Amino acid sequence: TQLLEQSPQFLSIQEGENLTVYCNSSSVFSSLQWYRQEPGEGPVLLVTVVTGGEVKKLKRLTFQFGDARKDSSLHITAAQPGDTGLYLCAGALNTGTASKLTFGTGTRLQVTL
Amino acid sequence: ETGVTQTPRHLVMGMTNKKSLKCEQHLGHNAMYWYKQSAKKPLELMFVYNFKEQTENNSVPSRFSPECPNSSHLFLHLHTLQPEDSALYLCASSQAGWLRRSYEQYFGPGTRLTVT
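Chain order of the listed sequences is A and B.
Under the numbering used here, think of the first position of the first sequence as 4, with each following residue one higher.
Under the numbering used here, think of the first position of the second sequence as 178, with each following residue one higher.
Just so you know, these hints were derived from the structure itself, not from any lab.
Note that the structure is a prediction, hence the values are computed from the model and not measured.
A few of these clues could be false.
[As the list claims (entries may be wrong)] Okay, the calculated beta carbon distance ranges per label pair:
| # | chain 1 | residue 1 | chain 2 | residue 2 | range |
| --- | --- | --- | --- | --- | --- |
| 1 | A | L61 | B | T257 | 42 to 48 Å |
| 2 | A | T65 | B | S236 | 35 to 41 Å |
| 3 | A | S33 | B | T184 | 30 to 36 Å |
| 4 | B | R240 | A | R63 | 40 to 46 Å |
| 5 | B | H256 | A | R63 | 42 to 48 Å |
| 6 | B | P238 | A | K59 | 38 to 44 Å |
Each residue gets a CB set at the ideal place from its N, CA and C atoms; glycine is no exception.
Bound-form chain B, shown alone (with noise of 0.2 Å):
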C-alpha cells in the first residue's frame, strides 16, 4: 500500500488540450517532488516543493506548470504539450529536513501520459 497517490493513472491528451495532474501524500510529509521518467532515459527531476515553496526547477517547460496548495497536496497542470512530453510522471514525497532520513523518498505509481 502506498502513501502517495496520483490520478489519473493514464491520459491521452492532444497537444492543443488542457489537462492536470493530481497528486496527494498521506504520509505526513513536508516536501514533495514531480519526476519524468522516459524509456532509455534516467528519472528526471522536474520540481520540488518544500514547505508548499517551490525550491527547484530543473529547467522545466514553462507548458509545465505546477502547484502545490498545501504540504499534502501537489499538481502539474499541462497546456500545449508536445509529443515528446509523453512519459511517466511520478510524485514523490519526503520529510525535509537535516536528517539523513529524510532524503528517503516515497513514489507513487504515476501517471501514464500520451499526447498525440
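Next comes chain A alone, as it looks inside the complex (with noise of 0.2 Å):
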C-alpha cells in the first residue's frame, strides 16, 4: 500500500507570510498532483508534476516533485485569505488504464488579516 504523508497538517499564518507544504512517500509515482479543496466542495486541481526534479509554477504557488520521483513540495509566497483550504497530494501510478491516485494525508491551511 503506497501512503503519502504530508506535513505540516495544520498551518495558521498571517496574510503576506511564506509557507511550504511537504508531501512524502516511499514510494515513486509516476506523476503526482496538487489539489485544493474549500470546505462543502471537491478538491480542485492545481498542478501536475510529472518529470523528477520539476518545478512548476502557477502565481504565487510553486510546485516541485522531487528527484526520485517519491516526494513534493509546495510553495506559497505571500499568503493571501483566498489560499484559505485544504492542500492535498496525490500520486499516480502508471497503471496504463483507469488513473489511480494515492491521496496524501493533507495539510489544512489558515490564513488569517
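Dock chain one against chain two, each of which comes alone in its own frame, and use the hints as you go.
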C-alpha cells in the first residue's frame, strides 16, 4: 500500500507570510498532483508534475517534484486569505488504464488578515 | 464552474432507507470514480469505472452498490447504511489511457451524507 504523508497537518499564518507544505512517500510515482479543497466542495486540481526535479509555478504557488519522484513540495509566497483550504497531494501510478491516485493526508491552511 | 455535477448535495437517511447518489460529467471523460472522505482520514477510493466497466472495488461493503450506465453517468446506491458511513462522497472523472494527463481527476462538489 502506497502512503503519502503530508506535513504539516495544520498551518495557521497571517496574510503576507510564506509557507511550504511537504508531501513524502517511500513509493515512486509516475506523476504527482496537488489539489485544493474548500469547505463543502470537491478538490480542485492545481497542478501536475511529471518529471523528477520538475518545478512549476502558478502565480504565487511553486510546486516541485523530487528528483526520485517520491516527494513533492508546495511553496506559497505572500499568502492571502483566499489561499485558505485543504491542500492534498496525490500520487499516480502508471497502470495504463483509469488513473489510480493515492491521496495524501492533507494540510489544512488558514490564512488570516 | 465544474464539469462534474453531483446530486443531491446533502442527504440525511435512516439506517433502513434506500437512496441513490448521482454523478454526471460533462468533460467527455471515459473513467469515473467514487471516493469517500471522512474527517481525519485521507480520501478513500471506493470504485473505479473505465469505459463503463468496473475495474476497481476497494473492499467496499455490499451496502454500497455502484452503477455506471454510460461514460457520463455514475450512481451509488445505498441501503441499510451504518452511522459510520456518514461522510462526504465525491465523484470524479478522468480521461483513461496511457497518456500521463489521464491521471488528472476532476471532482464534483460531493454529497454530504448523514446516516441517523
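Subject >> Unsatisfied constraints (hint numbers, rising) >> reply: none
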